[in-house]
Every structure is written in structure tokens, then in C-alpha cells.
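Participant: Here is what each chain is made of, one letter per residue.
Protein chains: 4
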Amino acid sequence: MINFRDKCIQLLKERGVTLDDIADAARFLQANYHADLKKEELLESIHSVLDKREVQFALMTAVELDKQAENKTYLDKDLEAIIRRDEGLYGVDEVLAYGICNLYGSIALTNFGFIDKKKYGIIEKLNGDGKDGRYCHTFLDDIVGAIAASAASRFAHGDRK
Amino acid sequence: MINFRDKCIQLLKERGVTLDDIADAARFLQANYHADLKKEELLESIHSVLDKREVQFALMTAVELDKQAENKTYLDKDLEAIIRRDEGLYGVDEVLAYGICNLYGSIALTNFGFIDKKKYGIIEKLNGDGKDGRYCHTFLDDIVGAIAASAASRFAHGDRK
Amino acid sequence: MINFRDKCIQLLKERGVTLDDIADAARFLQANYHADLKKEELLESIHSVLDKREVQFALMTAVELDKQAENKTYLDKDLEAIIRRDEGLYGVDEVLAYGICNLYGSIALTNFGFIDKKKYGIIEKLNGDGKDGRYCHTFLDDIVGAIAASAASRFAHGDRK
Amino acid sequence: MINFRDKCIQLLKERGVTLDDIADAARFLQANYHADLKKEELLESIHSVLDKREVQFALMTAVELDKQAENKTYLDKDLEAIIRRDEGLYGVDEVLAYGICNLYGSIALTNFGFIDKKKYGIIEKLNGDGKDGRYCHTFLDDIVGAIAASAASRFAHGDRK
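Chains as they are written, first to last, in this note's numbering: chain A, 1 to 161; chain B, 1 to 161; chain C, 1 to 161; chain D, 1 to 161.
Among the clues, some could well be false.
Said to hold, decoys possible - Estimated spans, in silico, between C-beta atoms of each pair:
#, chain 1, residue 1, chain 2, residue 2, range
1, B, 73, D, 43, 32 to 38 Å
2, C, 13, D, 16, 36 to 42 Å
3, C, 18, D, 32, 52 to 58 Å
4, A, 14, D, 32, 31 to 37 Å
5, D, 7, C, 20, 37 to 43 Å
6, B, 41, C, 89, 29 to 35 Å
7, D, 37, C, 6, 30 to 36 Å
8, D, 33, B, 33, 45 to 51 Å
9, A, 44, B, 87, 44 to 50 Å
10, C, 89, B, 119, 29 to 35 Å
11, B, 78, D, 16, 43 to 49 Å
Stated by the list, open to error - Each computed DSSO-like pair below joins lysine-lysine, with the alpha-carbon atoms no more than 27 Å apart:
#, chain 1, residue 1, chain 2, residue 2
12, A, 117, C, 72
13, B, 72, C, 118
14, D, 77, A, 7
15, D, 72, A, 72
16, B, 67, B, 131
17, D, 67, A, 77
18, D, 52, B, 38
19, A, 7, D, 67
20, A, 38, C, 72
21, A, 117, D, 52
22, A, 118, A, 13
23, D, 117, B, 125
24, A, 119, C, 72
25, B, 72, B, 125
Just so you know, the hints here were simulated from the structure itself, not pulled from any lab data.
Don't be surprised by glycine CBs; every beta carbon is placed ideally from N, CA and C.
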């Protein structure tokens, strides 16, 4: 049996994202409530989020869709163009992200909306790197935002389950 | 600190629903996959679902809305009439139910849709009792369906977390 | 047949919210994309959002729950206390809001998360008025945020349907 | 500007799905409420659903993911295997489907859950064709179910907007 969590951490790394980056984004979301929260305290929540099968499969699918756009290997060239330019009305990237956030309740959804608009830290970086045409992170920035939003929500709930 | 899980189990009982009834509904949803599954095996999942704060608050709100409709103590009499006759297009009851199912992923949502249409067991009973005008279970039948759907989904995922 | 849209506009007014306030919030959400957008242009979208049955019923239910909390007429006093102090983990208010935003796609959800955290304009006002104990707007601030977020999303899609 | 609706109808046809098939599935979902409903009456709703940008993009993405699985051109071979065998816990296909259904409210979600379990008509056919290994309809059967569920919900709401 494949360890999908380890695979996902590896995929994130390949695509330029560390768990530390995600913890930093999650800490940003909790900053108003726990000013002195250290991002290390959020790492346990991030691991727990990455343990969920739905999160793993969403992440794997997102990276596949990004990489194929980067490689220009889509069969549907209209779709490839839309994804490569991260068109504002595309929305399937956010739909995948909500599939993750929903698992962590309404706080996760609100967190996601906020960080998606604010484009803090790693999300800003992925977004920027995607704009120059070499990389495509249309899906990944939303997935990373969703993992951060979910980890922050889990932490807020004091939910160690 | 109030133990909200125990409170919810008590509220369910008052409204005519036992955990055994919910386990029976959850077993019905899993029957195609595990023919010889005993409903006792699902009780642990049901307890886990009832441990979630979001589930507890949705259930408490649902019962409040049902009871006040029964007592005819709504301030908004149009709304009271709509809820008392469980109007098909009302939909807020299902919105609360989806707030629960979303926490357990897409299998929970599909399960809910199925049992909501099939009206199996306790859901059928609540629905029937609501029709005679003495009781109002407009919200509760959906909440109970959502708990059963979520417990079945959790079990399917083999998710003991 | 009751005109539920007019009823909802009346309920909003009673609770201190004008369509102009909502248009102002929607304009704030679109400001990055259309700097010179006038809020009048958003009023048509707000009317269209308020025409949906799901929106009307969510709003009516939200106002009922707020008013009864204000009047201290809940049967469940634990629930009443939670709603009166707008407890951060309650979440049913956001669940109702998402029931509206979902109808307008992923942009509406993201918009909602942003304005819910930023507490701009009327949402800030409702939130503040709710804090002093005379009023309870635990549900309404989220519903108003959801209507603004949905109207902005509808406008972004250029969706006149 | 590409006419995405026509493109989607073409994609459906290529993958073995006619609008008539979808109308038949939608009629099945409404049969309890309108026994003598003709599927022709549902075609207008199906066209309206296919007019939404979110639906078009979800469908285009779904077909891309299915075709690449059929062609065995995924970069991630674990993911390819999971999608090719339509693994029960995968769930991203349903997440895309819910992205469509959410636009049509709670009735659409319930409809989807029901038809997804019942596998009526074209959904049964796609599912069966996917099992023999030549075709992969892991995503498409859910998208078609979502379009049928949404069209039926739109019809139920008498919503000609």
C-alpha cells in the first residue's frame, strides 16, 4: 500500500512548497486570535490534514493538472489555455479547494476565502511564479491555501481528533 | 463546560430518535458494500460524528426550529407555516444537513441524497409523524439522515480518527 | 401568493439594512477589478439574488433566529446563550450563508470569506451593534455578507440570467 | 470567443452522451412529482444548465481527466490507476459534480445523491462501459448525473431565470 501522505509531501516539495510554508500561512490566519502562536504548533494540524484520503487525492489531481498545463500536453487546447492563464472565471481550482475546506467546517471556508484574496506568503509566491509562463500553479495555490485554511480551522477547534 | 454530546443524545431521545435507529439507517446505506455489517459496528462512528461541535450546534438549532414550529411560537407566521408543512422548496433543512455531511466528504453527501429520497427507517417515521400536524420534524429528519450518512461514510473510509 | 422578495427587503429594513448598504459591500468586493464601478450598477444583481427562493428562506430563518435570541425566547437556553454571544465556533450562521453563496459559484464563496474576515461597512455595523447585547445579528451579518458576495460574483460573471 | 456550450454538447456526444439521455435521467428524478412530465420539457433546463460557465469548465476538465486516463498519459501513474479503476474512495469526481449541483441548491444535491446510487439510464451505461477497461468515465458519469440533477432541480423550482 502506497503511503499517500509521504507522496503528497514529496509532490509539494517538487512543486516548491514546504510544510513550513504552509504552517506560515496557517499561522497568518490564526494571528488575530493567538498573537504568539508559533508555526511549529500548526505543523501537527497540517500533518493531520494531509492524512485524509480526500486531501491526498485532491492534491495529486491538482498537481497533475498543473504539470500537464506546464508541459502543454492537454488534449483540449482551449482548456489548456484557460488553465495556463489562470482565468478568473475558471473556478474548478477553487472547487477542489472547497472539497478540502468543507471537511474542516465553516471556519476553514472563511479562512480560505480570506487567504485566497490576500495571497499571503507561499500563495503569493505560487501565484507570482505562475504568471511568468514557465510554471503553472493554477490549481496548487488553491490547494495549498485550502490546506493552510483547514489546518488553522482544526487548530481553532482545538480538535486533536 | 456543558457536555454537548450528551445533551444532543438527550435531545434526540426526547424527539423520538435513538442511536440505534440512526445505526440502523447507517447500516442500510452500507448494506451493498458489507452485507453482514452489524449496526453495533456503526455505533462507534455515530458517537464520533456526535462529538463534532458543528454537528452538535446544527442539531440543537434544528430541534429548536422544529419545536417552536410545533408550539406555533414563530414571530414570522409565513415562515412558521412553510416549516410546519415541510414545503418541498424550503431547503434550509437540507442546508443544515449538508453542513454536517460536508465534514465527512463526498460519500456522506451521496449517502444523504439517497436516504433523503428513500426515507428509510427512522427518517420515514419522522417524516410520517411530521405529516399529522401534531409534530414538526422538518429539520430533524434531515439532521438524522445527515448523521447516518456521515457515520456510514466515516465507516467506509475506515477512518478511526 | 406572498411576494417573498418584498417581504425580505422589508425584514432587512426592520433590522437596519438597506439595499444600498449591501450594494456598497458588493462594490467593495469588486473594487480591485472595476475601480470606477458604481454601487447603483450592483443593485440589479442584488435584486436578482433576492429573487431566489433559497435566499429568501435563508434570510427569513436567519432573522427569526436573531430576533428570538434578542427576545430571549429560545426553548434551549444553552443555544440562546451561544447565539447571543456570537460564539466563534458556532458556525450554523456561516452554513446558512454558504447555502446562499454556493448558488453563485466559487467566486461568491471566496468573496464571502474575505468580507466576513474584513467586516466592511454594513457587516462591521451589524457586528458592532450585536456586541452591545441589545441586538443580536449573529445570523444577519453573515446573510448580508453572503448576499453582497453573491451579487458581486454574479456581476463578475456578467451573468444577466 | 468560443461558444463553450456548443463545445460541451460536442464533447458529450463524442463521449457517448446525448442531451436526450440527460433529459431522460432528469425526468426519472422528477417522476414522483410530475408523473406525465415529458423529457422534452426538461431539455430547456438542460440547455440552461449547460449555459453556465462553471458547468462548462467542470465538464471540460472532467472529460480531459477521463480521456488521459483512457490514453494512459498521466504523469502520476498511481493517480492514473486510481482513476482508471474508479476507486470508491477517490471522490474528486463527486467534488466536481457538487460544484455543479451547488449552483442549483439543495434539491439538486439530493437528486444527485439519489441518481448516483441508483445509476439510472445513461449513468448506468457510462458506469458499465467504464468497467471493461477500454473506456474511462470515472468523471463523466458524475458530471452527467450532476447536470441531470441540476436540470431537474431547476425545473422543480419553476425557475425560468
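Participant: Hint by hint, note whether the structure agrees.
Facilitator: Now the hints, each set against the structure:
1. Our hint of 32 to 38 Å for residue 73 of chain B and residue 43 of chain D is violated, since their Cβ atoms are close to 46 Å apart.
2. Between residue 13 of chain C and residue 16 of chain D the CB atoms are about 53 Å apart, so this pair departs from the stated range of 36 to 42 Å.
3. Remark: the range hint 52 to 58 Å for residue 18 of chain C to residue 32 of chain D is contradicted by a beta-carbon distance near 42 Å.
4. Here the CB-CB span from residue 14 of chain A to residue 32 of chain D is close to 51 Å, at odds with the stated 31 to 37 Å.
5. Checked against the hint of 37 to 43 Å, the pair residue 7 of chain D and residue 20 of chain C passes, with Cβ atoms roughly 40 Å apart.
6. For residue 41 of chain B paired with residue 89 of chain C, a C-beta distance near 30 Å keeps the hint of 29 to 35 Å intact.
7. Against the hinted window of 30 to 36 Å, the Cβ-Cβ separation of residue 37 of chain D and residue 6 of chain C comes to about 31 Å, which satisfies the hint.
8. Between residue 33 of chain D and residue 33 of chain B, the C-beta spacing of about 30 Å breaks the proposed range 45 to 51 Å.
9. The hinted range of 44 to 50 Å is satisfied by residue 44 of chain A and residue 87 of chain B, whose Cβ atoms lie roughly 46 Å apart.
10. Separated by about 32 Å at the C-beta atoms, residue 89 of chain C and residue 119 of chain B satisfy the suggested range of 29 to 35 Å.
11. The hint said 43 to 49 Å for the Cβ distance between residue 78 of chain B and residue 16 of chain D, and at roughly 47 Å that hint holds.
12. Taking the CA atoms of residue 117 of chain A and residue 72 of chain C, the gap is about 38 Å. The hint is violated against a cut of 27 Å.
13. Between residue 72 of chain B and residue 118 of chain C the CA atoms are separated by roughly 38 Å; this puts the pair beyond 27 Å, and the hint is violated.
14. Of the supplied pair hints, the one linking residue 77 of chain D and residue 7 of chain A holds, its CA atoms being roughly 12 Å apart against a limit of 27 Å.
15. Simply put, residue 72 of chain D and residue 72 of chain A have alpha-carbon atoms about 16 Å apart, close enough for the 27 Å limit, and the pair holds.
16. The straight-line distance between the Cα atoms of residue 67 of chain B and residue 131 of chain B is roughly 15 Å, inside the 27 Å bound, and the hint therefore holds.
17. As the CA atoms of residue 67 of chain D and residue 77 of chain A are separated by approximately 14 Å, the hinted pair is consistent with the 27 Å bound.
18. Our distance criterion of 27 Å between C-alpha atoms is broken by residue 52 of chain D and residue 38 of chain B, whose separation comes to about 45 Å.
19. For the given pair, residue 7 of chain A sits about 24 Å from residue 67 of chain D by alpha-carbon distance, which is consistent with the 27 Å threshold.
20. Annotation: proposed proximity of residue 38 of chain A to residue 72 of chain C is violated, straight-line Cα distance about 40 Å (limit 27 Å).
21. For the hint linking residue 117 of chain A to residue 52 of chain D, the alpha-carbon distance of about 23 Å falls within 27 Å, and the restraint holds.
22. Taken as a hint, the residue 118 of chain A and residue 13 of chain A pair is honoured in the structure, with Cα atoms around 23 Å apart against an allowance of 27 Å.
23. Between residue 117 of chain D and residue 125 of chain B, the direct Cα distance comes to roughly 22 Å. Compliance with the 27 Å bound is thereby established for this hinted pair.
24. Restraint check: the Cα-Cα separation between residue 119 of chain A and residue 72 of chain C comes to about 42 Å, which exceeds 27 Å; the hinted pair is violated.
25. For the hint linking residue 72 of chain B to residue 125 of chain B, the alpha-carbon distance of about 22 Å falls within 27 Å, and the restraint holds.
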